[in-house]
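Work the whole structure out from these sequences, hints included.
Chains as they are written, first to last, in my numbering: chain A, 1 to 438; chain B, 439 to 876; chain C, 877 to 1314; chain D, 1315 to 1477; chain E, 1478 to 1640; chain F, 1641 to 1803.
With beta-carbon atoms standing in for the labels, derived distance ranges: (1) A/276 x B/505: 53 to 63 Å; (2) E/1634 x B/462: 24 to 34 Å; (3) A/103 x C/1151: 28 to 38 Å; (4) D/1423 x C/1098: 43 to 53 Å; (5) E/1528 x A/116: 34 to 44 Å.
In silico BS3-like pairs for lysine-lysine, Cα to Cα no more than 30 Å straight-line: (6) C/1108 x F/1781; (7) A/251 x B/549; (8) E/1618 x A/232; (9) A/71 x C/887.
Since the hints were derived computationally from the structure, they do not count as laboratory data. Don't be surprised by glycine CBs; every beta carbon is placed ideally from N, CA and C.
If you want the building blocks of each chain, they are given just below.
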Amino acid sequence: MKLSHLVKDRKIHHRLYSDPEIFELEMEHIFGRIWLFVAHESQLPEKGDFCLARMGRTEVLVVRQKDGGIKVLKNSCSHRGTRLCAAPHGHTGAFVCPYHNWAFNLDGSLKALPHAQSYDEQVCPGAADMGLAEIPRVAVYRGFIFASMAAEGPSLDAHLGPLAAAIDNLVERAPNSELTICRQKTSLVYQGNWKFHHENANDTIHPSIVHESSVNSARTTPVDMADFRADKGQTKGMMLANGLPPQDWAKISLSGSALGHSFMGGFYRSGLLSAAHEDDVAKAYRVALEKAKGKQKATEILAMDRFNNLIWPNFNVNAQFHQIRVVHPLRHNRTLVEGYCFRLGGAPDEMFRRASRFLTALVSPTSMIFGDDMEIFERVQKGLGSDGIDWLDMSRGLGRESPDDSTGGQMTASETASELPIRSQMQAWTHYMGDLEI
Amino acid sequence: MKLSHLVKDRKIHHRLYSDPEIFELEMEHIFGRIWLFVAHESQLPEKGDFCLARMGRTEVLVVRQKDGGIKVLKNSCSHRGTRLCAAPHGHTGAFVCPYHNWAFNLDGSLKALPHAQSYDEQVCPGAADMGLAEIPRVAVYRGFIFASMAAEGPSLDAHLGPLAAAIDNLVERAPNSELTICRQKTSLVYQGNWKFHHENANDTIHPSIVHESSVNSARTTPVDMADFRADKGQTKGMMLANGLPPQDWAKISLSGSALGHSFMGGFYRSGLLSAAHEDDVAKAYRVALEKAKGKQKATEILAMDRFNNLIWPNFNVNAQFHQIRVVHPLRHNRTLVEGYCFRLGGAPDEMFRRASRFLTALVSPTSMIFGDDMEIFERVQKGLGSDGIDWLDMSRGLGRESPDDSTGGQMTASETASELPIRSQMQAWTHYMGDLEI
Amino acid sequence: MKLSHLVKDRKIHHRLYSDPEIFELEMEHIFGRIWLFVAHESQLPEKGDFCLARMGRTEVLVVRQKDGGIKVLKNSCSHRGTRLCAAPHGHTGAFVCPYHNWAFNLDGSLKALPHAQSYDEQVCPGAADMGLAEIPRVAVYRGFIFASMAAEGPSLDAHLGPLAAAIDNLVERAPNSELTICRQKTSLVYQGNWKFHHENANDTIHPSIVHESSVNSARTTPVDMADFRADKGQTKGMMLANGLPPQDWAKISLSGSALGHSFMGGFYRSGLLSAAHEDDVAKAYRVALEKAKGKQKATEILAMDRFNNLIWPNFNVNAQFHQIRVVHPLRHNRTLVEGYCFRLGGAPDEMFRRASRFLTALVSPTSMIFGDDMEIFERVQKGLGSDGIDWLDMSRGLGRESPDDSTGGQMTASETASELPIRSQMQAWTHYMGDLEI
Amino acid sequence: MSAGYSPDLELHEAVRQFLYLEARLLDSRDWTGWLDLFDESASYFIPLGGEEYDPETGPALLYEDKALLRLRVTRLGHPRAYALDPQPVTTHAITNVSLTRKEPHLEVSSLLNFHQFRDGEELFLTARLQHLLAGAPGAFKIMRKTVFLTNAGGWHSVMSVPL
Amino acid sequence: MSAGYSPDLELHEAVRQFLYLEARLLDSRDWTGWLDLFDESASYFIPLGGEEYDPETGPALLYEDKALLRLRVTRLGHPRAYALDPQPVTTHAITNVSLTRKEPHLEVSSLLNFHQFRDGEELFLTARLQHLLAGAPGAFKIMRKTVFLTNAGGWHSVMSVPL
Amino acid sequence: MSAGYSPDLELHEAVRQFLYLEARLLDSRDWTGWLDLFDESASYFIPLGGEEYDPETGPALLYEDKALLRLRVTRLGHPRAYALDPQPVTTHAITNVSLTRKEPHLEVSSLLNFHQFRDGEELFLTARLQHLLAGAPGAFKIMRKTVFLTNAGGWHSVMSVPL
Ligand code: FES
Ligand code: FES
Ligand code: FES
Ligand SMILES: [Fe+3]
Ligand SMILES: [Fe+3]
Ligand SMILES: [Fe+3]
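As structure tokens, this is what we get:
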């Protein structure tokens, strides 16, 4: 049977989530081909800087080259496959294997090996095929490094399409247009399929329901706003925001593309985080931005009010709050979500504190908000079991789409609390997977 | 190869226990078709009462309907499959999904959903196919609720056959013929195949061997009978009972049917639990029973002296001591045994205390008796490993069967400590599985 | 595809280490056919003595028979497969199954069973096919018991070939030619493929690299030699020994055979353990040996200076230090290494203490030396992952072999820090596995 | 700093040492030594399921008086108690010991981290323990012991060694 | 033998009992009782990753003042807090309690072995705890609590119950 | 109530604090600080298998005198000790501390719950510890330390950090 039979206009077959065999195919045909975010340039400022990253289930080294370029290499020695580095990041002149001291240049080529005289000409420094395996395509978009395991395919620009604007906006929010990623990241694992994350992230029905406990707690707990010393009430604002009334949620715009990408409009209507609100810090920041970019440009930058910009299959940019998330599939029913925040170059320090608090409040394993999403993902996986239901429904708002003007019509938009983002994701899934037989 | 080749007259191939693939087929072709006990009506006295149950590996809701009937529904939301209920039991007017608040009526039909206006006519309250999946057949036999995942098949009565008498006897032991199940249940997991439980339960050779440590401890520990304040010596009696001499065990009658069912005669020959013995409590109970049912009927009821009434594949009725067990396959080498006891309507409270103590002493994970059975099951699974032996033997007493008069000849009986019950189980297994190819 | 395509002259495909399916075939076609060490006769001095052993993943009983012979029986009752013995060793007149008391003679034949009268003639004491499954071939070489699951195949002598000399040397190091194995064994598990162990054991490049931390610690820690009360500096000597300079390592001779066996020359150049060194204990021992065997013979025995004698696929004899290791595959990525030491009959007690300390220092889970090998094995398995590299290289020293005179040309030798031992192992692997299809 | 707060330090220590003694007797498989810690009128209760209830009103994971414990202890030492062959090796780690006087007795609350190794398999359980103690330091007797297992409402494998 | 060494025994006992009380409040889901142990100016910090850092300079597993803890405690008791339905059953076992005076406060170091059972799933975490306590025995208040998780640098599943 | 029973409370506390100190030194990877707790004549023994035996009569999981421990400690801090790179993070939780005088020494029995996290992998071990201590509170030295692992008779993965 062709996999395309498992995705219909309005329905998704449960095997997309519950079948380990389909997961293996996804690893090969999606994560083995598509552009994946692997690192931010600020992790690798100097020649010889490197960090570990995951592409699907493969561990790679992202390495700043001597010529300033970037290569992505498999983290496996070419002699016997030994994992080269275990440290998450570092600086080196060469990668030396712990087993027999084979040394590899920053570009992955074999640099030196002991007892070289015992080898014939096929194994010697610089020998073809004796270097570290190089990921064939690497591209950087405004500091965001992506790699693809496929030697051929659409360019990164073509892949990002209108979602590049989300990255642009994040970068431009830094007065000097320089971002620094923060090393402390959250690493949250849930027992559910990787696709749940993106399907949920732009689902505008769930927040007021799933997050009712935090909405309600924020509403009812009597705390003097001045008492929020640690975050000036930002977390409370985040908790409250999910409690928008249904009619307001329905007005949040949603856009999706055939590439699987989507984004939703912002929904922080009041408090510290709302675009409208401006306290001392926000003001100082705006002034810095205006100074750097001019008033009109700064206003445009700050006016882009979107929450989750989902770049399929596993990247999420929240430009407004200087956050990204990367979703790593581990097994068909197990997923890792990494969360990072950024320091905006030229902005007040306090802006970074806010981004830190935002990440802590939203994506940490102790989050009062995300904890309930995770619980839901696990309940979905349990409920699907091996035969809970046959087909999942994704028909909400079907047929009510219109071209999205904000993207020059490159995407489709909806203002009906639509499941349009899920349908976009399934369109991309079918593109990559549909012709395979199972 | 046809699976029927794995079961011979006197031999069972080890793959029936050690092969995960055969286990998958059992889940589909036995547990996916046959009548399975899911709940007792006393768990659901009121309209809107529900409880969770397992059918093979599928979690279901057993729900008392508005019309007093009972439906069994899969515990998975029809929208995205989310597990609806996690609480083991409860009372509700509707099942509301935690993800997007879709609400389902007690009969499983879709009752309401938020943002209904964003859907077309295929998704609306009452829409066909948008309700919870209903288990096609449900039948109640004297308060015991059974369900079958197969839309067609033999009736519950046909399935129970002569074993219905065991349920009858349990019910009639209540002076007012009303049973109340006790919510506290034991949940014991062993690392072995599910079939071991029933194969062992009516195996009359094993008790004096496997339980020698408890027989012997009960015999040799000097304890004054008056010191057994908690259970008046009942547990000691249970421990002693397994120590019948071989010739007496051989006289315990065994009956088996082609449907896989079997039962064994009682073997409590002395002490508190023996049919012969009557203390104050037993007397008060007998008087209550006689008052309610008449002397002759009461005598008949109490005279039915059977231990394990095994209803294939996974149910066990011990009418005399007001207990049932349900055996749930988890993996080919992992099984859950649930034990419940009943309160007899109209009987002295003390009778329920005795049933409670019986369950605690026999089926609890700390049981001095059952603990050794469990250990044996795990040793069998270990010994089978992947290639410990090729064929298991079940030939004891082969060829010495005769029609069982107590069941009007519907079953076959033996008084030779026979493995007849295992052969019956294998007959049923072959009926359900034999034609499948592997 | 034929498995022979996965092994080339100079390359090994990663699937030999990462593919569970290939592991299953190895269990059947290597461990299910080849001679495997199961016990040493000193574990079974008396009739009725027995011990447990592993052959691949099968648990067996090694049993001293009434006629003094040895049989190897599966540890699974012929009735229902129950694991018979759990104790690692013992003495008995019969094996009695815990489930139904079937009793088996030391030769595995059915001795007695309860309720025998309920069986027909096919199940009775002595009945054919009702005994414990016997491993078809058992052979003893100078006290070392080997067994093979294949009814036919090369003799043990043919299999051991020139490696028999390693066993000879170990035996002859006992003045009275009697060895006693010590019951305390080390049991170390690593998360990596079983083949890593033998591939590493005669790899003369790795020690100075992998063990640098212990070499260096031994070199730099200022400890007065007299302070080593527990082992007179033996462990320090072992730690130092790995630190030979590369040119000296290159001179350590390596020999390999088409049967997969290999050995390396000794490399303890100084200190307590070096062949050259002789302290009071070593002297007393030499004197005892000379007294028992004559001076010339004793000199020859002590002159055999080899470290790891690897008998493919999973046995390792270190004659000089009275140690053996057995490598048990558990899963494709999980392996158990058992280490034993011997007491030499007629030698000073202190010699056994040294063997004990040697085992503790080298093969214990807390070893300052072997701990780093284990870490490397796990890094190799991680690095291979599912697609870390395609092919492992084993070409070091390829083409520089010459016939090994010390084995009368039966083996091939190299003095170039060669990967010859690995190539030998792959030759044997291909012999057993190459024709299989996958 | 400690003014105004004076716990009976010796009593605390005595109770701790008593619980450690109980643990040690169990871990060293001195079953009769363990039994001797119980008063003749003692009860030992391990509730089932997540809810609180009176042991007289339903089944339990274990509910025994001293007479039944005597039988249990005999079996624990019986050579054919299969579930104890090979023998389990255990640690009963006791923490968070605190006291409440329930005159004339002492109610002791503590936590148990139980670890068992047997025949290659491990078992890890935790529980809150409640001991009702009679007698004076150095001569305590257990009147009642209740074990509130953390996973009381879950599935259990065989539990051979008392907790 | 003990001459020349005189720990303040009552203080040690008081601190232990205070930590046991905190554990008991959490294990009995008395969230507001737990909150009351914190001073109004308190902070509660669970660092992320393996390295030490100031909570003001980066994200954390948790970093809250008492105001935020108030919100947290409300949610812990909220009937629709999914991650707490069914309710987790926990043990917070506290060991290795030792004290350092940091006038006017007391710095307490201890170890936590945390075990949770919920809906058939178990979670086992360990951590080193650091409490900064104000006040006198019997009336301690937590000024600062830091939880150094053993696996701070690893992956985490949802942690609903405070550590 | 405590009459007639007078444990040396200060000694108990001193011993506990000493064991906690040892644990803390290990958990903070202060290997030489840990080594300093051992007397020059000390031995450290981790028996193998389930049976008791004299370390002089057979192999062990570990059996070292102070000289060997010196080597071990150097390696523990060596940058190329692969099994410690990345570094393990550990907790050594000590419970059930009880004392017996073995003049002129003190024999201390305790339980260890050990938890390790390293490179994404966890290791949980428990053991009974036996310390033979010399000297006075505040200046104890370890004469002998024996670690009876609960799973001494089972299979082990690499154990890098001392227990
Ligand atoms: S495996 Fe990397 S150098 Fe040998
Ligand atoms: S998944 Fe149930 S309402 Fe959406
Ligand atoms: S299984 Fe061994 S005697 Fe029955
Ligand atoms: Fe959400
Ligand atoms: Fe039984
Ligand atoms: Fe090595």
